[in-house]
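J.: Take a look at the letters that make up each chain.
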Amino acid sequence: MSKKITPEATSRRNFLKKFGISVGTASAVSTLGILSSCVTDDEEKVPMLTTDGKVINGKKTELKLNLNEMQIRSREGLSGKKFVMVIDLAKCKNARKCMSACQGAHHLKPEQHHINVLQTENAEGTGFYYQPKPCMHCDNPPCTKVCPVDATFKRKDGIVLIDNERCIGCRFCIAACPYSARVFNWEEPKYYEGDENAVYDMELNVPQKKGTVSKCLFSADRLRIGKLPYCVSACPNGTYWFGDANEDAVTNGTSKETVRLSTLLSDNGAYTLLPELGTKPSVYYLPPKDRTFEYKAGELNYLGEEEPKPQHG
Amino acid sequence: MSEIKKQSDEAIMAKIREDILTPMTKFPLIYKLWIGMLLTIIAVAIWGYIIQLQNGLGQTGMRDYVSWGLYIASFVFFVATALVGMLISAVVGLLGQKWIIPISRIAEMIALAFAMMAGIAIVVDMGRPDRILNLFLHGRFQSPIIWDVTVVNVYVIISILLLLLPMLPDLGIIRNHMKKDLPKWQWNMYNILSLGWVGTPGQYKILHSTLRVLLILIVPVAMALHTVTSWLSALTLRSGWDSTIFGPYYVTGAFVAGSGAVLVAMYFIRRAYKLEDYITDYHFDKMGKLMVLVGLVYFYFNLNEFLVPAYKMKTADAHHIFTLFSFHGEYGVMFWLTQMFGLILPITFGLFKPFRKPFPMMIIGVAIVIGAWFKRVIIVVPTLAHPFLPVQNVPENFHHYVPTGLEITVTLGILAAAILIVSILVKIFPVIPMWEIAEEKGVDIHKDL
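Protein sequences, first through last, are from chains Z and U. Heads up: the first sequence begins at 1 in our numbering, then just goes up one per residue. Heads up: the second sequence begins at 1 in our numbering, then just goes up one per residue.
If you are wondering where the hints come from, they were derived from the structure by calculation, not from laboratory data. Treat the hints with care, as some may be off.
Simulated crosslink set (SDA-like; lysine to any residue; CA at most 25 Å straight-line) [to be verified]:
id, chain 1, residue 1, chain 2, residue 2
1, Z, 109, U, 56
2, Z, 145, U, 247
3, Z, 145, U, 119
4, Z, 209, U, 123
5, U, 441, U, 276
6, Z, 210, U, 129
7, Z, 209, U, 136
8, U, 289, U, 247
9, Z, 209, U, 244
10, Z, 190, U, 56
11, Z, 109, U, 402
12, U, 274, U, 182
13, Z, 190, U, 55
14, Z, 156, U, 149
15, Z, 154, U, 314
16, Z, 97, U, 396
17, Z, 210, U, 182
18, Z, 154, U, 131
19, Z, 154, Z, 93
20, Z, 145, U, 244
21, Z, 93, Z, 247
22, Z, 209, U, 403
23, U, 314, Z, 210
24, U, 312, Z, 121
25, Z, 145, U, 362
26, Z, 145, U, 237
27, Z, 280, U, 390
28, Z, 154, U, 247
29, Z, 93, Z, 306
30, Z, 210, U, 138
31, U, 98, U, 317
32, Z, 280, U, 242
33, Z, 210, U, 46
34, Z, 145, U, 234
35, Z, 210, U, 362
36, Z, 209, U, 139
37, Z, 109, U, 396
38, Z, 156, U, 138
39, Z, 190, U, 234
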């Protein structure tokens, strides 16, 4: 409050920062100058912020996504936030809309799951239920510890991301994750139109790259523009709550209702997955009590195949 | 008196030179065929690896759940076998055992070749080997992989030194006596590698003290090497890996694997080079006893590693134990065959003197090496195949791990490369330390060079 910043300057800076747009340094500009010298002079000029903080008047064509800037921004995360997800197991009807929305957004193959809806039961005979399982975005993540090149890391807003421009494909993080939350691009990934020329967005992990690990990102790209994650928005059954633990508020992806996080957790006896491992997940589950669905055994799985029977001792 | 001594010394030295150096100048057909076969396997493996590079690791049997397979198991196997250099030369040698003299160099050659190929195995497993420099550009010291890369390289360097330094007097002998028997380039190589060795008492003094430092130094480095390798698994939360004894469990297992490899190498080198006077039944007997000793220690760690969780049967551990112990479990047959042929039977037979002869020892060595390899698969794969949460909504081949032909070919190629390195080393360098043998026989080695 004490320090006044002109609204115009902040909004421009924010705008540019928001979309990771920056202008190359002097040398890059001059190179572009040579290239564009044959183009007519009356090209529209716009004020731009260079990487070293100067405002210049440049041509619109000089605007481009800068991979380096995007990576720096993606590593920092959003200040003052601590993102959490609450999954109400009583609501999940195995619609799998979260899975398809996620796979569409992140350009994944049908067998690659950033979020996977599992059929499970707490103990034998206690009744099956559907359990959506994204990355837990642990506060003590076993995966980021073991990465030899700092390709996967935890941001200040609690999100665990992976930089597939740096990943060497050793798959130690996959071995370390007790939640089996990570997937690998064993072959050439599924490319969508425009992926060949797209600048890599770490917060979306698109384009996917062969020989690198991919994982749930809590839709960091959506959070940056103030929207709910893809899976949360896609759910038709009100299973997901998503929000900020610092604000102590979560919003339901279906009804858009916002409630107090602490009340939601304590009223419902929320729990985290495998708490005995000490990973401190950012994803909470509400117990599957008073289920709104009937569990159907022997359903075809997400791939339309019969699920092999789980092996028990 | 001294004249007689000198003459007898010279006669002994001439005999040793004749026995050890003659095989180095001969290239019989069988050796050429052997090298040709190894090169063929390596060539096929390189072709397989190129296919893997082009199409991705999807060419292997690994998938999202079992994301480490034969390559990592082989990496652990190679590191394990490489540890024998430290066992024979340092641990047994520093205890003052003289019987290791004729086989210490063989052990060092195996150690060097297998340590180098361990590095190759891990590169082959990488999804993006083109980014290997990221390990140095962006290396994070919190990651056990960085520790492993560091310690593997240190071990390779110390192994080279431990191979080369004790060879200096021998290289001096070759330089002095073999000029007319060798091609010019080869003699020049020995001339350079001998580092101007003439065998003065001062040089021997420096050599002995340097070797002592190296032999002591390699003990913690080798321990670190295999302990860190075990931590690649043990530092995760997964059932079957989440164990506090993985370090010593791996190190003792490595001694067993390495003893097996040395027994096999001893047998074939002795036969090919007709070294029956140097590597005698006595040495096989001693190696057999050493194998039994390290085998028993490893057996003790196996008891702890498997029976303690099997007694408690915690949910995830119970799953793991079932797949290994029960013949209905996915890895039951492999587990019991490995434990029987790779550990229990070798120990049992090794207890009896008639089996501590060259041929039976070689057979036991082969069984140990094969068993050791499968044991590494059993350590790596079942744990990954049974994660805490159910494996669902994935194709059938994600549930199980079966290595593909390409994967097996590439793995065999790495093994062939390790054996090729050993085969070349034993051809271009004296396989038995001549000066140490002479010293043992009471020859005044300071004079004869």
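J.: Look at each hint and say if it fits the structure.
T.: Status of each hint after checking the structure:
About 15 Å separates the Cα atoms of residue 109 (chain Z) and residue 56 (chain U), which keeps this hinted pair within 25 Å; it holds. Among the hinted pairs, residue 145 (chain Z) with residue 247 (chain U) is consistent with the structure: their alpha-carbon atoms are about 19 Å apart, no more than 25 Å. Of the supplied pair hints, the one linking residue 145 (chain Z) and residue 119 (chain U) holds, its CA atoms being roughly 22 Å apart against a limit of 25 Å. Using a Cα cut-off of 25 Å, the hinted pair residue 209 (chain Z) and residue 123 (chain U) holds, with the two alpha carbons roughly 18 Å apart.
With a CA separation close to 16 Å, the supplied pair residue 441 (chain U) and residue 276 (chain U) stays within the 25 Å bound. Among the hinted pairs, residue 210 (chain Z) with residue 129 (chain U) is consistent with the structure: their alpha-carbon atoms are about 12 Å apart, no more than 25 Å. Restraint check for residue 209 (chain Z) and residue 136 (chain U): the C-alpha separation of about 22 Å stays at or below 25 Å, so the hint holds. Pair hint residue 289 (chain U) plus residue 247 (chain U) holds up; C-alpha atoms about 24 Å apart against a cutoff of 25 Å.
A distance of roughly 36 Å separates the Cα atoms of residue 209 (chain Z) and residue 244 (chain U); the hinted pair therefore is violated under the 25 Å criterion. Note on residue 190 (chain Z) and residue 56 (chain U): the hinted pairing holds, with a Cα-Cα distance of about 13 Å set against a maximum of 25 Å. The suggested pairing of residue 109 (chain Z) with residue 402 (chain U) holds, with an alpha-carbon distance near 22 Å, which does not exceed 25 Å. For the given pair, residue 274 (chain U) sits about 21 Å from residue 182 (chain U) by alpha-carbon distance, which is consistent with the 25 Å threshold.
Restraint check: the Cα-Cα separation between residue 190 (chain Z) and residue 55 (chain U) comes to about 13 Å, which is no more than 25 Å; the hinted pair holds. Note on residue 156 (chain Z) and residue 149 (chain U): the hinted pairing is violated, with a Cα-Cα distance of about 30 Å set against a maximum of 25 Å. Distance hint between residue 154 (chain Z) and residue 314 (chain U) is unfulfilled; the C-alpha atoms sit about 31 Å from each other, more than 25 Å. Between the alpha carbons of residue 97 (chain Z) and residue 396 (chain U) the distance comes to roughly 23 Å, so the proposed pair stays at or under 25 Å and holds.
Distance hint between residue 210 (chain Z) and residue 182 (chain U) is unfulfilled; the C-alpha atoms sit about 51 Å from each other, more than 25 Å. Between residue 154 (chain Z) and residue 131 (chain U), the direct Cα distance comes to roughly 22 Å. Compliance with the 25 Å bound is thereby established for this hinted pair. Note on residue 154 (chain Z) and residue 93 (chain Z): the hinted pairing is violated, with a Cα-Cα distance of about 31 Å set against a maximum of 25 Å. Distance restraint check for residue 145 (chain Z) and residue 244 (chain U): the Cα-Cα separation of roughly 19 Å lies within the 25 Å cut-off, and the hinted pair is therefore satisfied.
Restraint check for residue 93 (chain Z) and residue 247 (chain Z): not satisfied, since their Cα atoms lie roughly 29 Å apart, outside the 25 Å limit. Between residue 209 (chain Z) and residue 403 (chain U) the CA atoms are separated by roughly 23 Å; this keeps the pair inside 25 Å, and the hint holds. For the suggested pair residue 314 (chain U) and residue 210 (chain Z), the alpha carbons sit about 38 Å apart, so the restraint of at most 25 Å is broken. Restraint check for residue 312 (chain U) and residue 121 (chain Z): satisfied, since their Cα atoms lie roughly 22 Å apart, inside the 25 Å limit.
Between residue 145 (chain Z) and residue 362 (chain U), the direct Cα distance comes to roughly 44 Å. Violation of the 25 Å bound is thereby established for this hinted pair. The straight-line distance between the Cα atoms of residue 145 (chain Z) and residue 237 (chain U) is roughly 12 Å, inside the 25 Å bound, and the hint therefore holds. For the suggested pair residue 280 (chain Z) and residue 390 (chain U), the alpha carbons sit about 20 Å apart, so the restraint of at most 25 Å is met. With a C-alpha separation of about 29 Å, the suggested pair residue 154 (chain Z) and residue 247 (chain U) falls outside the 25 Å cut-off, and the hint is violated.
Proposed proximity of residue 93 (chain Z) and residue 306 (chain Z) is supported: the alpha carbons are some 18 Å apart, at most 25 Å. About 20 Å separates the Cα atoms of residue 210 (chain Z) and residue 138 (chain U), which keeps this hinted pair within 25 Å; it holds. Taking the CA atoms of residue 98 (chain U) and residue 317 (chain U), the gap is about 45 Å. The hint is violated against a cut of 25 Å. Using a Cα cut-off of 25 Å, the hinted pair residue 280 (chain Z) and residue 242 (chain U) holds, with the two alpha carbons roughly 18 Å apart.
For the hint linking residue 210 (chain Z) to residue 46 (chain U), the alpha-carbon distance of about 20 Å falls within 25 Å, and the restraint holds. A distance of roughly 14 Å separates the Cα atoms of residue 145 (chain Z) and residue 234 (chain U); the hinted pair therefore holds under the 25 Å criterion. Between residue 210 (chain Z) and residue 362 (chain U) the alpha-carbon distance is near 44 Å, which puts this suggested pair outside the 25 Å criterion. A threshold of 25 Å between alpha carbons decides the hint, and for residue 209 (chain Z) with residue 139 (chain U) the separation of about 21 Å falls inside it, so the pair holds.
Straight-line distance between C-alpha atoms of residue 109 (chain Z) and residue 396 (chain U) comes to about 15 Å, which keeps the hinted pair within the 25 Å bound. Distance hint between residue 156 (chain Z) and residue 138 (chain U) is fulfilled; the C-alpha atoms sit about 20 Å from each other, no more than 25 Å. Pair hint residue 190 (chain Z) plus residue 234 (chain U) does not hold up; C-alpha atoms about 34 Å apart against a cutoff of 25 Å.
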